[in-house]
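Each chain, written out:
Protein chains: 4
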Amino acid sequence: MVQVKDLHWKKDMRVSELVNSYENVGFQSVELYRASEVIVKMKKDSAQVFLTFTSNMVTSGLRGFFAQLIELGIADVLVTTVGGLEEDIMKATGEVFSIGNFNTDDVELHERGINRVGNLLIQNQSYMNFEDMITDILRKLYAKQNRWSVSEMLREIGLLLDDQNSILYQAAKNNVPVFCPAITDGAFGFHLFLFQQENPDFIVDVVKDFGNILLTTSYDDRKGVIALGGSISKHHAILATLLNGGAEYAVYMTTAHRTSGSMSGANTSEAKSWGKVKDESDIATVIGDVSITFPMAMTRALDELYEEGLLNIENK
Amino acid sequence: MVQVKDLHWKKDMRVSELVNSYENVGFQSVELYRASEVIVKMKKDSAQVFLTFTSNMVTSGLRGFFAQLIELGIADVLVTTVGGLEEDIMKATGEVFSIGNFNTDDVELHERGINRVGNLLIQNQSYMNFEDMITDILRKLYAKQNRWSVSEMLREIGLLLDDQNSILYQAAKNNVPVFCPAITDGAFGFHLFLFQQENPDFIVDVVKDFGNILLTTSYDDRKGVIALGGSISKHHAILATLLNGGAEYAVYMTTAHRTSGSMSGANTSEAKSWGKVKDESDIATVIGDVSITFPMAMTRALDELYEEGLLNIENK
Amino acid sequence: MVQVKDLHWKKDMRVSELVNSYENVGFQSVELYRASEVIVKMKKDSAQVFLTFTSNMVTSGLRGFFAQLIELGIADVLVTTVGGLEEDIMKATGEVFSIGNFNTDDVELHERGINRVGNLLIQNQSYMNFEDMITDILRKLYAKQNRWSVSEMLREIGLLLDDQNSILYQAAKNNVPVFCPAITDGAFGFHLFLFQQENPDFIVDVVKDFGNILLTTSYDDRKGVIALGGSISKHHAILATLLNGGAEYAVYMTTAHRTSGSMSGANTSEAKSWGKVKDESDIATVIGDVSITFPMAMTRALDELYEEGLLNIENK
Amino acid sequence: MVQVKDLHWKKDMRVSELVNSYENVGFQSVELYRASEVIVKMKKDSAQVFLTFTSNMVTSGLRGFFAQLIELGIADVLVTTVGGLEEDIMKATGEVFSIGNFNTDDVELHERGINRVGNLLIQNQSYMNFEDMITDILRKLYAKQNRWSVSEMLREIGLLLDDQNSILYQAAKNNVPVFCPAITDGAFGFHLFLFQQENPDFIVDVVKDFGNILLTTSYDDRKGVIALGGSISKHHAILATLLNGGAEYAVYMTTAHRTSGSMSGANTSEAKSWGKVKDESDIATVIGDVSITFPMAMTRALDELYEEGLLNIENK
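Chains as they are written, first to last, in this note's numbering: chain F, 629 to 944; chain Z, 629 to 944; chain D, 629 to 944; chain E, 629 to 944.
Okay, chain F solo, but in the shape it has when bound (with noise of 0.2 angstroms):
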């Protein structure tokens, strides 16, 4: 059984030092420390790792983050909401967002034309930008066909980006396909709206993409989901892996509880019941600000994952 055992500082402690000793603290502490080797013990088993994360990670600093780790070569699948795809392609080309405060004076901010994502503030102008490079970029792929699955049009737009932090560029390079099940909810559906209108045969065909999320696994492979948040980005990673078997490891952090029965809040115990998950130590659950609890547990995976040589970086 494991102790409880006393935490302690010492100078220049290393994250993967504090998270190995948050095995014995305690509460969420144990969980992150369980999330973290989960996702090492998935990546070892050379299980496919679904990916997922919320609009609002993207505008924050994660967004870099999980442009890396599709570059190390973490995740296999990733699924996302539409606007954090919106707001990866507007860093991608130059638009800087900044940190306000979560107490702000909204209806002066709506007047200097700044956006409010929590703590996180944008312009009003980014979004304008985007918009006037957004039909250009549905030109060029109507013109090549008139039919696009989600996941075929957002790699398309990730080979026209040149950002090494870019979520899209990063996936379209290591060919990770990115799926999007509500790709019209944001500004960009607005424009693939107005591009119909002009051109009533350009079709987004979600259809099809939910068949291609279904093959990127079988039932025979192993596989591990990353849920960050809940939403529907969670969903569709869950229900893609159930569809072929279930995972084999899951890994939840969110700030949902399962008291509400959503889906954001229902834990990893849920997945002992596809019948996949061997024992307790291939799942884990932790109720925390993604923000704070992702960047921990992984940077203590990967470190890990480099010392067994199964991180992609070429000249190791």
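These are calculated hints, taken from the structure and not from any lab test.
Because the structure is a prediction, the values reported are computed rather than measured.
Among the hints, erroneous ones may be present.
If chains are identical, the list can't say which one is meant, so a pair holds when it fits in one copy or spans any two.
What the hints assert, rightly or not - Think about it this way: if two alpha-carbon atoms lie no more than 16 angstroms apart in a straight line, the pair counts; the simulated EDC-like pairs of lysine to aspartate or glutamate are:
1) LYS669 with GLU932
2) LYS633 with ASP791
3) LYS672 with GLU936
4) LYS768 with GLU826
5) LYS768 with GLU784
6) LYS633 with GLU723
7) LYS906 with ASP734
8) LYS633 with GLU645
Following the hints, put chains Z, D and E in place on chain F, whose structure we already have.
Chains Z, D and E in isolation, oriented as in the chain F frame:
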């Protein structure tokens, strides 16, 4: 200035009386009272009302309540996720769900062929019955045309049902469009995929449907949003109203908090930044489980709207 | 097995009807119904009921509701924190609190001499009036004896008040002891300190009072705990019942979750480990704001206890 | 204005580096960085630091971390609850706690003589060993004098221990007073009661101790509060500083939200109303599990304070 007043029980108190007394109690009870007031205001002002909810709410007994609200003329536009719509259809065709417990042995449930959604239980057989039916429905739709927007497809399905308690039935009957921006994110998506495999020209046109939701209201309409829970349903309704200039009224009921920066936790103070909310009395955010808070706030609102003759009841 | 049933509004619905329908809705509404049932059960079984609440609830309009519950014979023992007792006294002597907003300019409020507790506002003057009065009360107590246990002191204060809506007044009048394990943690503590400076032999005997709470019940009594919010009040009641063998019935209503390992978030499943809870129907945990959930659950319980003739009402 | 910047992993990253990068990530990670900064600021400004924590944190491995912080000279005053102090003594006398699971069969644990605190497990035997010891300690204290303030009693107990990882030991050795406003709310209270039964003139003087905490600082001292979790410990520290004019610096780390109006969820924006906080950079509220967030924020602060020569380390 509103005073804090001592709450008192009296025999056989009506819900409206209790909610009225909440105006003077404090904390979230005040917000619940305010939410009820904002709903009354938006209806009196003839605002177009967007009602959004998450799938798990349709799993629960709120499903029949939503259907009733459509029948009574409360909602003009619905936005939700596909899992709930599947369950609405299951219930309309006789499937029965039951009440369980948050603390359960999920492995054992799995062996008994039962799925758990929080403290609600669904038999696997219910999904199978749904699947038996859905292909036949798709065949009928395809016989009419090969390209469907989501809301038009859902309307057709609603017309095939015969259950006063069904959301899709009441929506179809009362010409209330149901939007579902991620239509493939459920068993329904899997069957759409299988059907398209056989009929490659079968298309679900989500882009057209984004146009449809935009056209439900105009810039000049007064608009109100009642968002229950978070997720993409909430975001989609806010987006659709925002592209038409923003809503004048907003009620958010959720268990999520603003501190994670997620859409689910975004509160109505943001609505002030849309520039159309006139004052604090037009918005309310209630933190709490919607299964408790919404029926309370709505019951008082309905009682009042009934008195005003603003409910869609034939022989009042 | 309890089925999920569609909820319906009808005109002038009573609170009891709505809570009854919650049995079949799902998520926290089910728990709220169960809580109501457990309260009825503990009263029918003549259990000794420990009611605990936090100070902010007394700031709110729940204060008069608690007083009424004492008058109706619902609670046999109270445990709370001193801030609420100070405010009960303030209100009993005419101070009026008002409803504000969670989002406020606290610096401006400070300049206007107003204190904020969530969305409730208290004038500094109210505290000053309290302070003017309290020294006089201490002088009277000291004239009787120099060593007081907390509950005996609070009883004396209650006898000096004249307000049907006062917790201390009703508790004193109905011989319900009020325990406050951290009596110095408020303005009252400061005045006790000043008084002791002048009268060094003045003693507040908290050790004796722990004996007093132990002696309110015996091992053989059936016991029930209704804990509203968390903190030391909840813990103290659980401890006092546990030292007498544990409670047979427990209802916890709180916004805290079990995931942090705190007492505030501990749920009633722990109560099963006391060995006296007979089955699941004797315990309930409701996650949500007590200002909403408690009046609902309690109103239904009171309606039912009234019918059973179990309320302390003279000319029923 | 601070910009959002993409986070990157690099091999063997130090905790301080990760926390530094959090300044540019967003949501709670920004708040965690700010908390770390405020702690550094309060120490550089020679503020008197009140550190408060709840019992469950002492159950966890944070206990040795708190002891270390006292040794390093971070905290000048401690406020906590009695359960944690009991467990500090248990651990100091060799008892070992272990890591369990939030989902457990509590009835089975009970039969095995194990108590659960979230996901931590304590043997009943550990409590029994504590009880065997405590009466002997009380006898020694009583032999010296019959009337004790709480902090003086806790100091005497600390002097009897011999464990570098003990909070009470380090506090006693470093002249850091430990305040515990509800000293009877635990097994310790029960033994105080039994002891007083035999020795009626034995008195625990909580009123005097309130004077003691007031006298730890003066109006002219700069003061800082680091409140971990909520409850009475947090409130007591805020009260004690407020009666001396308010603190200049405040860091709150908690899982509770402001929306319930509880002390546990009150955020540091209130601190601005004390009139002494100079600007936003002197306060921070971090929402999240303290077992994760506090070691992170504190590790970076300690690294920086070490560089500045502000830690109490002999042969630096």
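To see whether the hints hold, each was checked on the structure:
{"no.": "1", "hint": "LYS669 with GLU932", "in the structure": "within (11 angstroms within a copy, 35 angstroms between copies)"}
{"no.": "2", "hint": "LYS633 with ASP791", "in the structure": "between (44 angstroms within a copy, 14 angstroms between copies)"}
{"no.": "3", "hint": "LYS672 with GLU936", "in the structure": "within (9 angstroms within a copy, 42 angstroms between copies)"}
{"no.": "4", "hint": "LYS768 with GLU826", "in the structure": "within (14 angstroms within a copy, 30 angstroms between copies)"}
{"no.": "5", "hint": "LYS768 with GLU784", "in the structure": "within (9 angstroms within a copy, 35 angstroms between copies)"}
{"no.": "6", "hint": "LYS633 with GLU723", "in the structure": "between (46 angstroms within a copy, 11 angstroms between copies)"}
{"no.": "7", "hint": "LYS906 with ASP734", "in the structure": "between (49 angstroms within a copy, 13 angstroms between copies)"}
{"no.": "8", "hint": "LYS633 with GLU645", "in the structure": "within (14 angstroms within a copy, 25 angstroms between copies)"}
When each numbered hint is compared with the structure, no violation occurs for any of them.
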